[in-house]
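Participant: Residue numbers (the numbering used here), protein chains in the order written: chain A, 2 to 272; chain B, 663 to 1278.
These are computed hints drawn from the structure, not numbers from a lab. Just so you know, these numbers come straight off a predicted model, no measurement behind them. Ideal placement from N, C-alpha and C gives every residue a C-beta, glycine not left out. Any given hint might turn out to be false.
Below, a sample of chain B positions facing chain A; criterion: calculated Cβ distance under 7 Å [as the list claims (entries may be wrong)]:
id, residue
1, P991
2, R1056
3, F1059
4, I1074
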Amino acid sequence: MRNRLAGIFWALLFLAVPIFGVAVFAVAPAIDVWLPKDVSEHGVRIDELFYFILGLTGIVFVGTELVLFWSIWKYDAAANDRPATYIHGSHTLEVVWTIIPAALLLFLAIYQMNTWADVKMRRPNMPPTVEVIARQFEWRLRYPGPDGELGTADDLHLVNDLHLPIDEDVLIQLKSMDVLHSFFLPNVRIKQDAVPGMKIPVWFKATESGVFDIVCAELCGWGHYKMKGRVTFEPRPQFEAWLSRKYAEQQATQPSPESTTPDSGDSLAAN
Amino acid sequence: MTPPTAVTAPTVDHVHVSVPQSSHAPHGSTPGRGIGHFLSTYVFSKDHKVIGLQFLFSTLLWFLIGGLLALAVRWQVAWPWSDVPVLGKLFAQEGGQMAPEFYTMLFTMHATVMIFLVIIPILAGAFGNFLIPLMIGADDMAFPTLNMLSYWFMWPAFAAFGASFFVEGGAAAGGWTSYPPLSTNVASAPGSGWGQTLWLIGLTFVGVSSMLGSVNYMTTIILMRAPGMTMFRLPMTIWAMFITAVLQAFALPVLTAAGFMQLSDRMLGTGFFSPEGLIINNATPGAGGGQPLLWQHLFWFYSHPAVYIMILPAMGMVSDILTTFARKPLFGYRPMVYSVAGIAGLGFIVWGHHMFMSGMNPALGITFMVSTMMIALPSAVKTFNWLGTIWGGRIQFTTAMLFALSFVSMFIIGGLSGIFMAATPVDIFIHDTYFIVAHFHYVLFAGTAMGVWAGIYYWFPKMFGRTMNEFWGKVHFFLTFIFMNGTFFTMHILGAVGFPRRLADAYHYETFHHLQPMNAFMTWCAIGMVATQIIFAINFFWSMFYGPVAGRNPWNANTLEWSAPSPPGHGNFDFQPVVYRGPYEYSVPGCEKDHLMQTDPPNQAAAAAAAALAAH
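Please model the complete structure; the sequences and the hints are all you need to start from.
Facilitator: Have a look at this one:
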């Protein structure tokens, strides 16, 4: 009980928590274990909010952990003979540490709303660029054919190889044929579950060309891990050239376009 | 203040006046009473302490199983498709290498075991049972038979979950959340056959057990408090248990109903959770006309309050342990009680934050974001009050205290990381990544499990009459603390990369292929963490028989259980406890000793009694 060294040892262990915590978050970006490259317009805002919360919680984290450390260090029974303070609380302190966090949290919630609304609620008024239909364990894609409308006989059908134009809004219509899936584009900061029976719109504006991962982020069965697609962002002309090349390929392999529709799960896709 | 409710316990004749120390379970102590007596004393016992210990032993055993499942999961994440050492022999049909469907089963059952067979029953079942009557000064629970049944209803659950590993297709593999249609459609996954049916049956029995316990706890705490034990003289442990019981009572029926709906979808061909025309794996579509999101709403309406069921009792126990070893009154007792109530109340209106990306109306997401942000407030108030409690104290570094302090330290991390997910735009990126895995392991392992260990080291003397070895206790604490942070803290930055959970092998993605070394590090830490528990197991069993004998009050604590014998006999108290004050009167100025027990008569009365005795 009278061993001061033990108290010092345990206090330092608790001091190690904020040091280790800050160190991990400081080193992580340096070794490239950090937010993947963002190539979308709204992604910058999401990342900013992430950093904002990281800063705020970081300050609270370090502050409270240091108070904890200091209390353990200073008030070790072996460190002094002073009796413990006989106090049951403080009304003022309770009010202070209720109102300040309440205000901060409320501010934080309100501060998020506009970005959330832009990404998930203010849908651009345009026809879908492409329909993504999730299925165990692949991403089926359907582009409107020459008639510019989805769900007609001349649609272009592809699997896992999504191409989209950059510098303009794109609207994806997301569906599922079987179980739940989640359409996750890490580099675009987009995630949306695909739900059988629902048609869910997803929109964003990519700002850079490149090829990136499509990840399934909702458990969908044994092959969940391999439900991988690729998304290629390219300027409008290349995108259109690619589209017509793929369309020509489809025409060549399947001369009668009427026969191409059934496999796309239209019982659900028609919803 | 309500006046002292002098409720006489209905079975007061059980109180053995001056029960000798050794009379733990007096029925069984006489030889030759036969097998019937042995069964009624140790097996189908109605004594809350025996039932509490039954819960404790069962849940610790499942804790071991859950931990091994976790190691198997970690093995696959760190070194996908490589032979699993030791454990690999258990699934020899795959030749030691894990099949992806086996992996999905592992993490499903890891979570299921840890949540439904370890955390919930160890808090409410083990500690709730053991502590409630002792800490309120009752001789037993209000309904002893119901109490016995609450334990024995766990066994069908143990059997169902256990047996599901051996049925065709293996145990459930749809995640512990069992989202339909994956869980309802037999063709959608190997584990969605009998494994899932047994899972639902097991879950129902766990629910029945919890409900029996919950009704009992509420009744006991309301009606059977010792004379003088007003509600606002209850220790925080009891407040937390009480509010947890209320949460259980209100939330559980929803889960039970939802479970039966899913069972009916699977076995009777209804379509509560399946839309029209679902084609899974080319199988014939079922009835349809339902909605997969309905399950998520019902499930999380229970399972979010359940998150608080999984932490509130630990918060209560930690509050009591911190005051004992800081030798200081709890800072802000009433705000602590109100914040527990606040967490419970708000806990019912935040379930939607599990569904931000689910396809639920995004406008609804905004309201759930606000309520979720606000629930951080009572948690923050609690944390500040814990800090206020140890500030200015005289800290004694017992093993229990170290675990309690680490609960506070780790809960800060778990609480703050929750804010990231509550912020809907940020959640778009980190939802279903390792960020959330880090978050809930900080709350449930680094939080609740630390609180549970604190509780075990603290109340062990009351349970078994002996103290656990402090040196090995501290070694256990130190190694667990180090390995735990090595395992879970790094998960935050994996989450920042977007590393998704539940993937058997994520390294074929360009975004994640460089994360294998970090995962290997975490797996080594996890192995160390599980291995450390061998120290705990040996200490636990050794101390039970050979530890130093503890008196009634080895920690000089104030609450009622410490005035009973260690271990208490059947009927608990060898005197009628009368409560004179709150539970946290430590270091009262002018008082000889640094603690004033709830049962210590007030000074004036003591002086008067002494004077009367002298005059006699």
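Participant: Grab the minimum C-beta distance from I1074 of chain B to chain A and call the hint holds if it beats 7 Å, violated otherwise.
Facilitator: 5 Å, holds
Participant: How about P991 of chain B: closest beta carbon in chain A under 7 Å, or not?
Facilitator: 5 Å, holds
Participant: Grab the minimum C-beta distance from R1056 of chain B to chain A and call the hint holds if it beats 7 Å, violated otherwise.
Facilitator: Status holds, d = 4 Å.
Participant: Does F1059 of chain B meet its interface restraint, that is, does its C-beta lie within less than 7 Å of any C-beta in chain A?
Facilitator: 5 Å, holds
No hint from the list above goes unmet by this structure.
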